[in-house]
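Enquirer: Based on the hints, put chains B and C in the right spot on chain A.
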Amino acid sequence: MKLRPFLILLAVMVLLAIPWLVSSSMLNAAIQMLIAALFAMAFSLLCGQAGMLSFGHAAYFGLGAFATVHAMNAFNGEGLLPTPLLPLAGAAVGLVSGVVAGYFSTKRTGVYFAMITLALAELLHALAPHLKGTFGGEAGISSFRMPAWGFGFGTAIEVYYLTLFWVLLAIGLLYLLMLTPLGRLALGLRENQRRLRFLGYNVHALGTLIFAISAMFSGLAGALQSLNIEAANYAELETHVSTVVLLNSFIGGVRVFLGPAIGAALMTFFGHVTSDVTRVWLLYQGIIFVLVMMFLPRGIVGELVERFSGKRPAGEGIRLSEMLPRLAGIAVAALGGVVLIELLQRVMSRDYRALAAGGQWPEITMMGLSWQPGSPLTWLVPLSALALGLALVLGVNRRAAARREATA
Amino acid sequence: MDQIFFALLNGTIYGLLLFMVSAGLTLIFGMMGVLNFAHASFYMLGAYFAYTLQPLTGFWPAIVLSPLLVAAIGVVIERYALRRVHHFGHAHELLVTFGIAVVIAELVKLFYGNYPVEYRVPTELSFAAFTLSGIDYPFYRLFMGAVAVAMFAAIYLLLTRTRVGIVVRSAIYRPAMAEALGHNVPLVFMGVFGIGAALAGLAGAVAGAFYTTNPNMALDLAVLVFVVVVVGGLGSLGGAMLASLLIGITNSLAVGVNFSLGDIFGIVGLGEWAGSVGGVMTMRLSSFAATLPFFLMLLGFWCVRRA
Amino acid sequence: MSDPILRLEGVHKSFGPAHIIRGVDLEVRRGERHAVIGPNGAGKSTLFHLCSGEFAPSSGRILLDGQEIGGMKPAEVNCRGLARSFQITNIFPGISVFENLRLAVMRKHGLQFTFWRRVSRLDNVTQEVEGLIERLRLGHRAHTLASQLSYSEQRSLEIGMTLASDPKVILLDEPMAGMSQEETEYTVGLIREIAEDRTLLIVEHDMSVVFSLADRISVLVYGEMIATGTPKEIRENPQVKEAYLGEEVAA
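Residue numbers (the working numbering), protein chains in the order written: chain A, 109 to 516; chain B, -17 to 289; chain C, 3 to 253.
No wet-lab data here; the hints were simulated from the structure.
From the three backbone atoms N, C-alpha and C, an ideal C-beta is built for every residue, glycine too.
Calculated from the model, a selection of chain B residues having no Cβ within reach of chain A, i.e. all distances over 10 Å:
id, residue
1, Q(-15)
2, L50
3, V103
Just a sample of chain C residues kept apart from chain A, beta carbon distances all over 12 Å, derived:
id, residue
4, R137
5, D208
6, V211
7, Y224
Where chain B lies over chain A, by a calculated footprint (3+ residues, C-beta under 8 Å):
id, segment
8, 225 to 233
9, 349 to 361
10, 451 to 459
With the rest of the complex left out, here is chain A (with noise of 0.2 Å):
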């Protein structure tokens, strides 16, 4: 494990070169990695680590989206909060909020516990509207980052910064919580609450207390995103917010450290790559999910850890021939659904219909190539190619269940 630090050094090394490396678009990308990375971090904290699943993290992240804005414009980047420091603003909102609805939802455990997330969530989106001094009502709260100790913020460049070195901090504190005590205790709060009862903690403090830190971490991620875009929406406290992080936690393994950051950071690249050629990016997130919870139950990164720690048994490691075949199915497959969905997505669309609507079917150019809707080969190679991937996968699978009850 001598190798751990030098990939942690790399890794920051990287972070901290991207403004050189990427174009000015990307580095916008970047810092919403970054934020995404945290919130799911913060996410994963409550769901993955303490074992409570939350369905409205959403309240915590615009909670403190909305307290930086109010406190960018109360204190104008000076005094007491100067703007490297707003983000506080948003943690501490995000504290104060998690204690009281911690104490509520942790009252309950399980399906019980993520139900009450949810409705405190709703319950918030439902009443921000009403509340325009606090909210801003349809138009959001705006605001301007103010340069503070000699630096201007004016950059994606100085906010990149910022970002990353306060992401930095929070995920390096998430680390080390838990190695103390508070944290062992957050594992033994996902195992089995009653022994814990019976061991002699308080469980019902502790669960608030960490879905207070959570949410204050939470907090603090929308914070950041509301030092980067200037502004809180009520649309940050949307359903949709919740869904997001949630979706991202467990494609890459809440149970893993950094499971979730990488998951989040993944989804959020491809949703920035792919948001000029798509707009139902959140349907792949949604098929992506789906099928990680079915077939890899630990999220991706997760089970690339189980594969490669040399913790599974003898002959259940990766056999190339296996792999390789199963790789070439997902991907055929893959492709043939995403063709799929974007044609359907085209043909769909209010535009397209509008042009149908006198019994043609005009051509669609998409990934470079031209399409005709009205010709059955159009769909039929995209579905071949999806049904051919499948069977391909199902083959393998097949054989490799064969050849391990022949050797079992």
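Expert: This is chains B and C only, laid out in the frame that chain A set:
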């Protein structure tokens, strides 16, 4: 007085619809311990399928066919997704159904756009059933209520009078025992999942024409349906029925009532102060209607905890 | 030595119309190994649940070292020096044996909400956990997930976690349930060892274990204590014979 009568009637019918959606969910929860997040999505799918089929087949075949399609989808989800993750535990199952709900919502947006569609009550059914103090009461509301009542009677008879019903009830009570007695419990689960989905689909097909049919209808309803299932007592059909009516009526009364907290303070002479505080104080109660399900949900969890 | 460390006075417990515990008086003396036996459904487990805070008694008093603990929460009872094991193994399955015991040990050191100290630097905790693992003979399994232990190893871990908070009184609920002869013998040795300077209250169905291990035995039948005494007295008590033991013990 008539206002209250209308509100009560509307609430009752809305409650009956809620029950149609909740019935399947509560049975599934009772039997498998799965809180199916995608259940309200079945309601939405029912509405969209009926909307799509209506121009091709006419209204009546559409509201028969679309629940069947929804049932097929439900069976596929149970057989190929839920059963696969069953051994990972209930939280995992909840997550998978959550993912499926997201995918269904996104697919609906893909096919039909992110706006309400023009799914209307057919003209032959849109007439006034009766008129009270100058207000027409739409026949279609009564029709929806009748469908729900018929469904309740059908499920009740199915559960109490048939062999399948006995197996289902025993599977709710003790799945392992029912299986040991030689009943095919997985098949029963799949069947109940399909029927539950079909009921939700039927509710969607019927109600979608009257209320709105849009891609957010699933989430809006999901919360209410969860409240019903929790307040009604897990796995209890009668409880679900009562809870549905209670919530339907509360909801419909709240929309009709129009005061603010400030008005209440006004009664005790603090009106001016409340006005100066603004914010929550001056909000009309009816504008809180959207928040009501969530209040009910929290209240529901609170009461159940006490019990 | 004669003052009771755990005393139950007229304890009743009913669930709705079901009257499970019907006025139990019991004195467990400091330092003794006391067994509770009785037929199935006599209320032995309920009695344990009452003492450990899982349920509150409907009436009556439960005194630990002279202090009322009836109706307290499990965590409070534990902090006053009474720990219990469970009939159905109740451990933290997804973390290692070492972590399991560390969670059990930490509480005693006042570590609960501590987020400013690294757990690996708490030398006294680590030493104590290592000592416990040694005692439980789980040394070679320290870093195995608890869920991957064999059944009897899990039972040992269960006892070890009960012991970890260094309680004055230990309640063991059928520690031998489902064990082989060999495993039982080993566990009896372990229990003797851990009960050395503590008070032990044990529910067990294996009569040979009960009669060899216990200093005194109480017999619970349908929610009432029909007798308390030394193994010899219990063996000869006609009422006990009639109600429960029958020929098994007389033979």
